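Here the structure of chain A is known, so what remains is to put chain B in place on it, guided by the hints.
2 protein chains.
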Amino acid sequence: MNDLTDLEKLCIHTITTKPWTIEESIEHYARAGVQGITLWRDALENRNRQTIRKRIQDAGLNIVSMCRGGFFPGDTAEKRELAIEDNLRLIDEAADVGAPHIVLVCGSEPNISLEESRQQIMEGISRIYGHAREKGVKLAIEPLHPMYADSRSAVNTMEQANDMCETLCLKNVGIAVDIYHLWWDPHLQEEIKRAGKSDNIMAFHTCDWKNPTTDFLLDRGLMGEGIAPIREIRSWVENGGFKGYVEVEIFSELHWKKDQKTFLEEIIQAYKDFA
Amino acid sequence: MNDLTDLEKLCIHTITTKPWTIEESIEHYARAGVQGITLWRDALENRNRQTIRKRIQDAGLNIVSMCRGGFFPGDTAEKRELAIEDNLRLIDEAADVGAPHIVLVCGSEPNISLEESRQQIMEGISRIYGHAREKGVKLAIEPLHPMYADSRSAVNTMEQANDMCETLCLKNVGIAVDIYHLWWDPHLQEEIKRAGKSDNIMAFHTCDWKNPTTDFLLDRGLMGEGIAPIREIRSWVENGGFKGYVEVEIFSELHWKKDQKTFLEEIIQAYKDFA
Chain A
1 MNDLTDLEKL CIHTITTKPW TIEESIEHYA RAGVQGITLW RDALENRNRQ TIRKRIQDAG
61 LNIVSMCRGG FFPGDTAEKR ELAIEDNLRL IDEAADVGAP HIVLVCGSEP NISLEESRQQ
121 IMEGISRIYG HAREKGVKLA IEPLHPMYAD SRSAVNTMEQ ANDMCETLCL KNVGIAVDIY
181 HLWWDPHLQE EIKRAGKSDN IMAFHTCDWK NPTTDFLLDR GLMGEGIAPI REIRSWVENG
241 GFKGYVEVEI FSELHWKKDQ KTFLEEIIQA YKDFA
Chain B
1 MNDLTDLEKL CIHTITTKPW TIEESIEHYA RAGVQGITLW RDALENRNRQ TIRKRIQDAG
61 LNIVSMCRGG FFPGDTAEKR ELAIEDNLRL IDEAADVGAP HIVLVCGSEP NISLEESRQQ
121 IMEGISRIYG HAREKGVKLA IEPLHPMYAD SRSAVNTMEQ ANDMCETLCL KNVGIAVDIY
181 HLWWDPHLQE EIKRAGKSDN IMAFHTCDWK NPTTDFLLDR GLMGEGIAPI REIRSWVENG
241 GFKGYVEVEI FSELHWKKDQ KTFLEEIIQA YKDFA
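Chains A and B supply the protein sequences, listed in that same order. Note that this note's numbering gives residue 70 to position 70 of the first sequence, counting from 1, and the numbers run on in steps of one. Note that this note's numbering gives residue 80 to position 80 of the second sequence, counting from 1, and the numbers run on in steps of one.
With the rest of the complex left out, here is chain A:
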């Protein structure tokens, strides 16, 4: 039983084992003693969400989070409206499947300034907030690495996410702390502390930054394969009062090529050794 006890905080994102169907991920995670699962929206395509919810419960897994909403900025009102509608649908999907929160990759519109993108993000979050509250789904702002500032997120540091939470001042809006995006930031420790004080740390994502990293998106490292101070950052997050799961979120062409059962064993070992 010792192995299972060790894994009590381990959650895996379905995208980490992308070659598997959602059913395969549920089965293999549960059998390996993984405790939590974060659902990527694509994994639910053409599935009955109630069926998946029940399958996850029956397997003894907890649904930790739903990835991902956001992408609020747009250079036309029409684009921004489409984003709102999409986020509202995602909230429904998260509620159906029983995910306590959705992760927001906030977006960045290249044709407007970063400041303007951030304004549109705050407007977008405010627009969907009412529906999220009604459905009992929380919203986690995920600051992304500055290398994504042109496209995926105009929120690029923990400080910006904290500022945004303070400005919005909405009860169920918090932050997803992701090591991959934030490990380099000299203000990370103090800003995690700040988020902890406001009880705003809603999720914690782990993986590693490889040296060298060869792709902007699909070359994340398994914990221990890179140089991020993974345990140190986890200790900051947990010292900040966070008691939730350690979510393994890895996009990697390299790891996706492997037999995913082997990869799952490697994830569990890396979690024990380095996370």
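Calculated from the structure, these hints are not laboratory results. Predicted model, so just to flag it, every value in this text is computed and none were measured. For every residue, glycine included, the Cβ atom is placed at its ideal position computed from N, Cα and C. Do not rely on the hints blindly, as some may be mistaken.
To be verified - Derived, one-sided and incomplete: chain A residues facing chain B with beta-carbon distance under 10 Å:
#  : residue
1  : 113
2  : 118
3  : 146
4  : 150
5  : 159
6  : 183
7  : 209
8  : 211
9  : 229
10 : 232
What the hints assert, rightly or not - If you want the footprint, here are the derived chain B segments under chain A, 3+ residues with CB under 8 Å:
#  : segment
11 : 148 to 156
12 : 178 to 187
13 : 211 to 219
Using the frame of chain A, we list chain B on its own:
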């Protein structure tokens, strides 16, 4: 003459037209009305530095800077000593060729923490400072994009470069502001202002951040090809009292494949239109 007047602040880094020899770069830059040249060390390999210096003067170009020193951190004392020796040689080379300063890509050692790397960078700069003063060569710390924190530089924001300059408190140590590395930073304007107040802006590098960017190193954009707020950042730098050159520094497999005369024409047009 109007064209030449327009170009009075235009400097080009030899690496921008990498397929050319140093002699070809000098000839073509001068003929096109470019006023300044920044020398990359590799362009001087197997050359007599006095000859190059004279050739540049005869062509009517000004030597703006020498790229690049730094890479101070190392996980052994031996590696750090090698870096010091290399930087001392670079200072000699810069003095020989008449470059007023060298740019420091400070380095980052993956086997130690970023804080420790920064300590070693400060120690390294202090070690070479005496020789640099003696030779009349200034030192410009260049903060690099956080995507290089694992390897090329543990100095990743303008704030960190300012902090470093204040801690070192050395007369001839300043900062090279590079749009590519810093455009995303929400504190950039205030930190440029801070550097300006201390008279610490020593160089200004321009290019563009492409959306999407497909390579970590060799996919920089010509001004106007991307989404960085180039003119706005230049105005911050110049409002901060900087009167020096606008240095075009582009590493791009795409542009290097072109006929470099055509590329030079494009650089000049992009400089007029977007820089």
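Verification of the supplied hints:
Of the supplied interface hints, the one on residue 113 of chain A holds, with its beta-carbon coming within about 7 Å of a beta-carbon of chain B, less than 10 Å. Checking residue 118 of chain A against chain B by beta carbon gives a least distance of about 8 Å; that is within 10 Å, so the hint holds. Interface hint status for residue 146 of chain A: upheld, as the beta-carbon distance to the closest one in chain B is roughly 4 Å, under 10 Å. Proximity of residue 150 of chain A to chain B holds as hinted, the smallest CB-CB distance being about 4 Å (cut-off 10 Å).
Using the Cβ-Cβ criterion of 10 Å, the hint placing residue 159 of chain A at the interface with chain B is satisfied: the shortest such distance is roughly 8 Å. With its C-beta approaching chain B no nearer than about 8 Å, residue 183 of chain A sits inside the 10 Å limit, and its interface hint holds. The beta carbon of residue 209 of chain A is positioned within 10 Å of a beta carbon in chain B (closest approach about 6 Å), and the interface hint is therefore held. A cut of 10 Å between beta carbons decides the hint on residue 211 of chain A: the least distance to chain B is about 4 Å, and the hint holds.
Interface restraint check for residue 229 of chain A: the shortest CB-CB distance to chain B comes to about 7 Å, inside 10 Å, so the restraint holds. With 10 Å as the threshold, the beta carbon of residue 232 of chain A comes within range of chain B, its nearest partner Cβ sitting at about 8 Å, so the hint holds. Only residues whose beta carbon comes within less than 8 Å of a beta carbon in chain A count, and the segment 148 to 156 of chain B has 4; three or more means the coverage holds. Here's how the segment 178 to 187 of chain B fares: 4 of its residues keep a CB closer than 8 Å to some CB of chain A, so the rule of at least three is met and the hint holds.
Counting residues of the segment 211 to 219 of chain B whose CB lies closer than 8 Å to any CB of chain A gives 5, which reaches the minimum of 3, so the coverage claim holds.
Of the numbered hints stated above, none is contradicted by the structure.
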